[in-house]
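In the order they appear, the protein sequences are chains A and B. For what it's worth, the working numbering labels the leading residue of the first sequence as 9, then goes sequentially. For what it's worth, the working numbering labels the leading residue of the second sequence as 4, then goes sequentially.
In short, the hints are calculated from the structure, not lab data. None of these values were measured; they are calculated from a predicted model.
Going by beta-carbon spacing under 7 Å, a handful of chain B positions derived as facing chain A: (1) 30; (2) 49; (3) 262; (4) 263.
Glycine included, each C-beta is placed from N, C-alpha and C at the ideal position.
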Amino acid sequence: MTAVHEDTRTHLPVYDEDAEPATPRSSIGRASASDRFDRYGAMLAALALTWLLCERVLPLAGPAWFAIVFFLTCIAMTVMTTALSGTLTDIKDRVASIVVTAGALVVGVALASTVVFVVSRGWRPLLHPNFFLHDMAGVGPRDSFDRGGILHAIVGSMIELALALLVTLPLGIGTAVFMTEVGGRFAQVVRTVVEAMTALPSIVAGLFIYSVFIVTLHLPPSGLAASLAIGVMMLPIIARAADVVLRVVPSGLREAGLALGSSRWRVVWNVILPTARPGLATAVILGVARGVGETSPVLLTSGASSFMVTNPTGGVMNSLPLYIFTTVRSGEPASITRAFAAATVLLFLVLLLFVIARVLARPKRTRRSRRIRLRPGPESTVSGPGRFLSRRSTEDLA
Amino acid sequence: MTTIPAQIRPDEDVLPRAISRRPTGGDAVFAHIFRAVGASVLVVTGGVGLFLAWQAYPTLHHYGWSFFTTQQWSPESDVLGIAAVVVGTLEVAAVAMFFAFPLALVTALFITEYAPAKARALLVSLVDLMAAVPSIIWGLWGFFLVMPHAAALAHWLQQNLGWLPFFRVDADPNAPVWDASRYVASAFCAGIAVAGMVLPMACAVMRQVFSQAPVGEREAALALGATRWGVITSVVLPFGRGGIIGGAMLGLGRALGETIAVLLIVSPEFVIKPRVLEIGTNTISALIAGRFGDATNIQLSALLAAGFVLFLITLVVNTVAAIIVNRSRSGVGTDA
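Here chain A stands alone, though its shape is the one from the complex (with noise of 0.2 Å):
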């Protein structure tokens, strides 16, 4: 492309001393006018060709069409306005921005749409303040939505999480405290061995207590067998990601506790635990927000009652996904919008649970902290311990 220099040798460069001063470039990160015309003009172009294909030369009629003819006429505009003026390093830079950016688009529109598609489908039955606080007793398949409603399902759920959180928060951050603060070859076997059972499917969780429990031991399907399943589900998953957390962790900070003669318990209790609060607080909360949404291990465990159960061993019991997924089933419309309905309850629940994790992983007030090491006063005693996870290591922790 360029021309071969016949001289190789090295010689000095020659100044122009009438040239007029190069002008710098007013923004080096913004692209230049001529760059946001390519890229917009093509654009443009692309939209335009687009319609002119779809609605009068090719038989290609619907927005999903229209969309995958966008694409690719996109592409071959900005080659060809790229080719114009730039290299082929220019054009597939060009051409990779469009496609990066197009895919990350399909995403979130995925995303979108499975929660718009839910809400729409499924609000009519919000509006009426039975529907949480009613259950389904006696209530048929074809009655109006201002009958019944999901509080035996919901009450269900959170009974079962709670009683699978009893078992398995202490359990799986002890567990982790035992990978990361005792340690030995003991503690290397079960690290292997609770990794090897994230893998477990939860499908097989719930056959396993299904087998245990109820074909073996001869109890009935209640809710206790369903804790238990999600139990086993989610122990793994919480001791896992509680390691994690525990191990980024600073050893100075453990080697400090230690050196000033505190004993272990304590540099845990004191120095570890309240460090990596933060961490440990999203990794129980979407363990949490796992184990509310799986539908398969409850499936198997609880059987699915219409009324309203509190007592755990006390027989059928139903949850939401479990709700939702008997209810689509039976295949009547109503029933289908209840379903919905139910299923907007349980995205909403699950979006809280995930705020809730945000804004305890956010480590506390960086402003604050970055002042109090600016201007060192009384103040900076009291700082609280999350500031030693930097921002950086508590986003990658959750």
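With chain A's structure known, arrange chain B on it following the hints.
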């Protein structure tokens, strides 16, 4: 007042204090309590694995090796095998990865390389939120929203690419009114729903690895005149190769074990068939969820053995993924 310490008499034999790493007193109690906790978790989790493995024995005893080669699952005539469901599981996972892998990769690239810095945290949260959407909701999405469109796409693929063996469907592609019921409830439709679930997991791992790509190398590439895409191909992708493969395999592990979305979408059928667009397939997990209720003891142990096979597959996939992620350059210690 400063005093001079009394002279230590050198003639007395001073032995160095014996140093022991063995915890004493409260530390010993602490270590023992937590060792007990760890042991109990080991017993619980390891117990599940051992129980599943142990269930394979009566199954093999009863059905023999034909358990792995038989396609049908007919409890009434007591002929069971997992050949068809294993293939179905792999097909659904393959379809899911076909959609999820490229999308996860470009989404991760978009978040780390293209998105404005202010929007980055929000996008990361959105992807994580997507990972937290329950599988039943992906199932509803796949069944009610995507399936009609997926069927239309399947019909189009059959019309235009029908000569490929896996795009073949047992229906006339050029019928005046195409028979939509032949194209729904297929491995293809289930795979799309599973892809929605798998994608954010794979994307999260890839994004994390990409964001750790060394700034110095990025800037060096930029200083040498690389475009954004040049930085990606010369720095980010080579650095993140481990994360890309590992993240994809973690997603694959999840896709293999997915139950509810598949159970909701596919219509169960027990034949090995490469025609992913056609109605009817089954996966191990959907098989378990569909057949546990009417199983006799021996059939239950056959289901558990099938679950064990599934567990082994996901275990291998996850372990390989973990090894690849850990071996990549991205595992930088935090104490550095």
